[in-house]
Amino acid sequence: MLTQAQNDLLTQVGPGTPMGHLLRCYWMPIAGASEFDEIQAKPIKILGEELVLYKDLSGQFGLIDRNCVHRRSDLSAGMVENHGIRCHYHGWLFNAKGECLEQPYEDTAHPEAHSKAKIKIKSYPVEVKSGLIWAYFGPSPAPLLADWEAFSWTDGFVQIVISSVPCNWFQCQENSIDPIHFEWMHENWGNRLRTQKIEFGVKHLKVDFKEFEYGFTYHRIKEDGDENDDAWQIGRVCLWPNGFFLGEHFEWRVPIDDENTLSVTWKYTRVPKEMEPYEQKVIPTWYGPVFDEIGKPINTHVMNQDFLAWMGQGTIADRTKEQLSASDKGIVLMRKKFFDEMQNYSNKKPLKALISDASLNHQIKLPMVYGHLVTQSRTIEEIKNQKTLYPFYKSYVFQAGQPNWVAKMSSQALGIEVQDFDGIVVPRHSKK
Amino acid sequence: MLTQAQNDLLTQVGPGTPMGHLLRCYWMPIAGASEFDEIQAKPIKILGEELVLYKDLSGQFGLIDRNCVHRRSDLSAGMVENHGIRCHYHGWLFNAKGECLEQPYEDTAHPEAHSKAKIKIKSYPVEVKSGLIWAYFGPSPAPLLADWEAFSWTDGFVQIVISSVPCNWFQCQENSIDPIHFEWMHENWGNRLRTQKIEFGVKHLKVDFKEFEYGFTYHRIKEDGDENDDAWQIGRVCLWPNGFFLGEHFEWRVPIDDENTLSVTWKYTRVPKEMEPYEQKVIPTWYGPVFDEIGKPINTHVMNQDFLAWMGQGTIADRTKEQLSASDKGIVLMRKKFFDEMQNYSNKKPLKALISDASLNHQIKLPMVYGHLVTQSRTIEEIKNQKTLYPFYKSYVFQAGQPNWVAKMSSQALGIEVQDFDGIVVPRHSKK
Amino acid sequence: MLTQAQNDLLTQVGPGTPMGHLLRCYWMPIAGASEFDEIQAKPIKILGEELVLYKDLSGQFGLIDRNCVHRRSDLSAGMVENHGIRCHYHGWLFNAKGECLEQPYEDTAHPEAHSKAKIKIKSYPVEVKSGLIWAYFGPSPAPLLADWEAFSWTDGFVQIVISSVPCNWFQCQENSIDPIHFEWMHENWGNRLRTQKIEFGVKHLKVDFKEFEYGFTYHRIKEDGDENDDAWQIGRVCLWPNGFFLGEHFEWRVPIDDENTLSVTWKYTRVPKEMEPYEQKVIPTWYGPVFDEIGKPINTHVMNQDFLAWMGQGTIADRTKEQLSASDKGIVLMRKKFFDEMQNYSNKKPLKALISDASLNHQIKLPMVYGHLVTQSRTIEEIKNQKTLYPFYKSYVFQAGQPNWVAKMSSQALGIEVQDFDGIVVPRHSKK
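Protein chains in written order, with our numbering: chain A, 1 to 432; chain B, 433 to 864; chain C, 865 to 1296.
Treat the hints loosely; a few may be bogus.
Derived SDA-like pairs: lysine to any residue, alpha-carbon spacing no greater than 25 Å straight-line [what the hints assert, rightly or not]: (1) K42/A x E1051/C; (2) K561/B x V806/B; (3) K122/A x L1188/C; (4) K197/A x Q472/B; (5) K1185/C x G98/A.
Hints are computed from structural coordinates only; laboratory data are not their basis.
Full structure from sequences and hints, please.
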């Protein structure tokens, strides 16, 4: 149970807040690069800041203030040009550094004043990596954008899935260090929703949590496992500060503001042996719905169940009324680390998991359970026969709403027909 | 005209407010029992408190805190079991007393700690009576749930109709002691809406208001009546603290919070002689819309006209700007009683209309005008010939939106075909 | 750049605010008279005040408090009668002066009290002129309602177009003194939206701004013009305090409240020679949408582009963060005048542009560029051959959503078939 002041520290991310300062020291994935094959600019809110993300005709991305500094009009309605984006109201042109390149009337009528030289608007550096657009909101110099090993895996079909979840980011990230919820929410409740039967799967016997360079790992032994199991030996990764690495996919919980979170998933699926060598031309990005057509949270898919749970905790979970228990040791550990790091930030001490040495930023390995299930080459026949693998090939189980065009791309890449999702009816990582 | 402080006293119902204290001393109807033939649990907000109402597999209803005490997740998304409801996030199981019966991981990993024994969440007693689910939110011991005589009438078809009206409860209840609005809103305005003609019905000549054990009665003489009329001799019942009894139906105005009211109607219709004896197997519950498909308040049916009037007074009617008049004596009387009773509550004095003696709580009679129209046995032919009765048999005149399945049940019970509602074109209780 | 206090002064219009006081000294167009061929009463909010606008059966318009003084019910749900509007709840009848003409129950039961005599509710004078309903919210005596010359033009088809734009009125009115936005928003951006090509039209070389009796004029020279051009010699009219006169149409930006503006357009189109003499029987009024069916601001038509720009500046543009430039001299001039006039109001000095001498209020001429394009008689053939005229005849280019029945009226009046809008692809007032 926290005090209200502690809860505020964890949940408030706007400019000037302690958590806002800390999170701004890390690169955040904010969109999919391929979105800009269709659009030129879009409004985006991150960490409480209203911005416009655009791709100009030279192919450069820019992330600048949403409102033109002139008369506050909306730059997301602007026109991209060879370099930069032009306000649609009076034609001022800005580049990705926030510099004003043109003020058409002033340049014509009063060129001697050269007034554009004095103008600079808010801008943030942007990088594209593995299909994602990343932005950095902190002080210069920016750290390096992490080059996780997974981003270099070959022969895989990658897709990016994004949703806007109407609740605070921190309750989402607490879910990244919560082994027990798999048993109850995804297995037992998921099963209940599908079958209406009261049948419970294998129980957790023991959990443990450890810190490492890039975050935390959580470890568990269930009734059908033992201490030799990957799940105990290696553990899964709660990635610092706002990610989750599950082997074949990453999830990030990027604060839109204090009351909304951008859920960003990067999902890799190894193509079957028959499809090798496979090189992906475009990494598709799609936006998954959180609510169904009558406004109820979708509960059929893995992450939709997570979303439903997060939202169910309230817009900003009231941690002054919680009652933590033995299963929550990881959450306690993580919160403490955040409190410490906010302190470190204000004391100008080094921060956790920042990467500054380029020679070390090469295909960084993360702890990974059941790695063979993710990266090993298998024939279609073998995949179809393996009940812990096939469900992940025949439909996108993590989120509802995969568009047909992505299902088709996936199907063509994998050589396996996409079917309607019918729930994951086997434990996800059974030893059998 | 009230002061703002007085208006706040009447309208604020949250925990700790004077009116909140007072209303919590009375049982409130909050749902229909038959709703739970289809669903297992639902979120419900009453008196500003967020709760979950469920029926477990043993048939017991429970009304407990909506948020799990563990991590604040939404228990309305939980799983009911033989006894109680289980949180979908980490599997904690709670019963109707708010006791924690299971904490699966803690019970397995740390059984010696027996930590569940220390956990108790908010819970309220629930009773089922005459198709309604009633809840009690006050201090122990609870009073008895009133056994109104109407709940024992035989040979009747009962339906429960519920709506959520977006305004404060008190302006709804003021309507329970307002005879003049029948003449103007339901008769003259209702007629105007249907016919576009400026024609007014018979006028009220005199009104009077009296207090009795279970509330107030209001009395009236119209141009076509006299002092021998039931309407003057007996009067209609404004039921304390938040009900209205009109003979063949009850209405309750249950505060959802300060800005929303649950309108709950219990409506009895005597079956014709040909259908006797009739025993109702299930009392249907249906939810009536307040707004039409383009968002305008529905104005065709009796209670929808009331809803429209209540909402028209503002979310919380501003009684600092009203100008009460001769017709409002009942409202003044009722407000005074509420101010007195709030005082009585804080002085720990006995409160009005609480029933504690079980021997007296048996088919309690309420004043009832034109009782013969409600309970007397008539043939279908007689009903069809009586223009003050037939409209109530051929359609549900009180609220728009009766579902087909309820209309069908009604039609089968009454032996009279349901027709489209075309307005009540005769005064409802004319002497002729 | 303004201080927050200055921005508040310009943008807050509720009762008691300095700008609220000032604007209330001027007649405001609030609806179209022909709306009341279909309806009898409607709720309307102007300058932050909730009102009901009705037309009684004698043809008189009334604008009175929305809430009945008795119990606060909504008079917009009331019944109009020969004189005045009657509350639907208890039948109190009010006339256009806010006097209570009847209290049915009180009049019947207690006629001696004559309590209605003491009752008066808020009411505002209303006048109808050229199809518009105008209201005056200020102190008595009211000034004269301006009789602009355009209201007397003959042989024209007039239509009134109204939209509710969710942003503060002042950023809308700043657009009335902003020549440069035509070049960029309507020409260059409009062209970009239609053609996707980066092609810019002729530039502004010089702008100028002057005050005159009824507002300001703005003057400009573009690359294809010179100082002999009407656009420099005469200029266009930013009408004090909240209008815009463009020759063939007026636009007013009427504050609904601080965060919403009623855009009211009065548009005249000269009928071709073949249709003369033409006398218009009814001036149609239609309400144009601001957003499309998925909630995005419409950007195809001239004023929809304006709406989009205004809304893009934020609900209330934050002028503490703007950076005005050479093109904004008119805006600076206008703001200064508003600050001065608010001061004049509080010092009880005469205010700008108030008309009190009836002998002078006759077909008042306003500066008007290219007047020949507006009022001169031409054959259909001539119109079709003139590329600066024909687009305005074959579709309503200013706002999306003209209903079919208006298009049909227009088409019949003009003798020119209405076609789908395909954008204005020529500069609107080219010299060539």
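Hint numbers contradicted by this structure = none
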